[in-house]
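The listed protein sequences derive, respectively, from chains A and B.
The opening residue of the first sequence carries number 1 in the numbering used here; numbering runs sequentially from there.
The opening residue of the second sequence carries number 1 in the numbering used here; numbering runs sequentially from there.
In short, the hints are calculated from the structure, not lab data.
Hints are supplied without guarantee of correctness; some may be wrong.
Copies of the same chain look alike in the list, so a pair counts if it works inside one copy or between any two.
[To be verified] Straight-line C-alpha distance at most 30 Å; calculated DSSO-like pairs for lysine-lysine:
hint: 1; residue 1: K21; residue 2: K34
hint: 2; residue 1: K34; residue 2: K399
hint: 3; residue 1: K50; residue 2: K157
hint: 4; residue 1: K193; residue 2: K2
hint: 5; residue 1: K15; residue 2: K34
Note that the structure is a prediction, hence the values are computed from the model and not measured.
There are 2 protein chains.
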Amino acid sequence: MKFQNEWPAYAPNDKLNTYIKGLFQNLPIFASLKDDTSVLKVYAGIERFKFYKDVLIFGIGGSSLGGQALYALNNTSNTNLHFVDNIDPAAFIQKINTLNLKNTGIICISKSGNTAEPLMQLLLTVQQYEAHTINWQKQCAVLTEPNDNALRLFAQKHSLLTFDHPLDIGGRYNVFTSVGAIIAGLCDFGFAKFRQGARDLIQQADLTELLQGAMHTAHIHKKQNINQSVMMVYSNYLELFSEWFCQLWGESLGKQHKGKRYGLTPVRALGAVDQHSQLQLYLDGPRDKFITFITVDNHTTTNSVMPVNIDHKAFQTLEGKTMGDLFKAEEKGTFDTLKANGCLLRNISLSKLNEYELGQLMAFYMIETIATAYLLEIDPFDQPAVEESKIRAMEYLTKGK
Amino acid sequence: MKFQNEWPAYAPNDKLNTYIKGLFQNLPIFASLKDDTSVLKVYAGIERFKFYKDVLIFGIGGSSLGGQALYALNNTSNTNLHFVDNIDPAAFIQKINTLNLKNTGIICISKSGNTAEPLMQLLLTVQQYEAHTINWQKQCAVLTEPNDNALRLFAQKHSLLTFDHPLDIGGRYNVFTSVGAIIAGLCDFGFAKFRQGARDLIQQADLTELLQGAMHTAHIHKKQNINQSVMMVYSNYLELFSEWFCQLWGESLGKQHKGKRYGLTPVRALGAVDQHSQLQLYLDGPRDKFITFITVDNHTTTNSVMPVNIDHKAFQTLEGKTMGDLFKAEEKGTFDTLKANGCLLRNISLSKLNEYELGQLMAFYMIETIATAYLLEIDPFDQPAVEESKIRAMEYLTKGK
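Between the sequences and the hints, there should be enough to build the whole structure, so can you do that?
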């Protein structure tokens, strides 16, 4: 992972560096990276589900997005994972109806074990299995905190295979734990390499270099009212990573402190597609965005375009070139144009798209999020505002209105 | 389509109303709604491609997003459409390798006919067919402007089935034209009903009511520096519609005028999922957003949850309820919480999710976009800033750097 920051370097911030170093030692997210034993047990424990042709994954938010990002990068197993995170009834029925339930596993993930969405998904699905007189208990596993929550009680009653969600790690920070492991194990994603990437980042990094982005973000958010952080990924396989980023970033930094409201809206963009849909706005629109390009140095190679024998410049430019050549030219053309027009910009490049580099990238974004929160003096681990909405929803549901 | 606007009504703006009325008469997008003949010819003309098991759709931006939105809503044909809009080499190879090319059609869509991405996709794919000695010319169709562009010359040389892109309608406004028709025809999407929805909106609407959102958006963008427009859709089937919106909105409104920069960043969100990832930011973060809920009154019904026989409140709340009950309760809980917390808000509700209502919605957003641009005194039809990036990209590609 390499950084190209289009701004003058910030001087070391000793307080910030000390704080982050302390987190590397003590914060459960990072401390848990020291020993692979428990997560690799989950990875192995889910292996028997790989004998199903399909596996439904129920969960929402932090119980789903990290796993989706891993699954998008790598799937060499023969098992198809279906992440059902929403409760749209039509989409739910459509999905269930396409599957042969006899050969479909169910995994229900909920940190608290009381979240309405995955419980609804699970209960309706189980009713379908029972309607087809399938012995679903053998095909179903749950992952939740080890306490008397609803999902855990359900698992106990039906003797389901059960995995623990760590008690002290929030949903949006859990991708290196059992939650990532259970998905990785199902799709042969190299989870040990993934964690090694994160571990190496923490152990070897020059903290001041690593925290340049956080220092810059906090600075431009406070001083220049920049209120959007655009992540433009130049890889289809990183789209779900950018969705994961949106939750991590939005939920951690959208906070009030001393009567001020903080939070840069995360905006995900996909290169080269969004050059054709969003670039006009980035170039001519308000200068309210900090744009990060996430790029991959070494792409898979396609064939080269053979001569078309038509006298037109559009063909002559492409002849002899691969799709990767065009992809890189577009990426560089867009970056350099944004730069030439004075946009706030950086490039984070991965040498290759693999488990190790993704582990580095996801750990980096956790660190950057936490460091930015520190500089804004807000708590990156809570989400105090959403409780009201949940209470209202349950009231409306109970009253049938 | 009904509106619930959480702000005091704006008085009629006669100049704006007259301008929009004039567009309904004269602007090619709207004028072309008067007669279905030519688009239904395209709809029928593509029918023979429905005999393929799979069809690859090449195109990017406006040549892809509208079609994707239609396909997401309705597919009753046995043909699978594969929208390949990006030029990620690994994803491209993966896609081509999963298909049986003998039974796979190719449709290449490019308004200008000279766009590098779809030409690269087309040329590399044709090479694959030739490597398998498949007579691809019969399986391939193109849609482009009727002039001497590269794609047209290619189609002429190989005698490909060819459809015309209208000359006077820009890519992001083309969903009601041949571009929408070609996709609709492949997936049995009711294109006549879709256009009827748009036509009825234009003919029957009280313009002042229809333009409330545009007047509000322009007002809060200019006076209160609101710089983000969040579209939160409560339907999985509207996710691709929200992607289409992002292009229409971003590219039309991201403009400079008299030294000022305009453009609210379009932010797409999916309910209920983004309640678990973005709601904290919307509630406690900066008040820089105008949030539109797009909801559906009548959802498909699932079974009700049967008694679980476990003494836990989380189960008792769900028992006897359908997934739709929960979905509606979550939607209302979130809307009311945002409202109670003083967020800028409205709800656009569709009675059902069908072609007619989607036609209304897409036409509405075109009108709202154009009206907002009028009030900001910018041109909603051009995209002057992106040319520089294209030139750079082609230079880098030619130089091989």
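Looking back at the hints listed earlier, which ones does the structure fail to meet?
2
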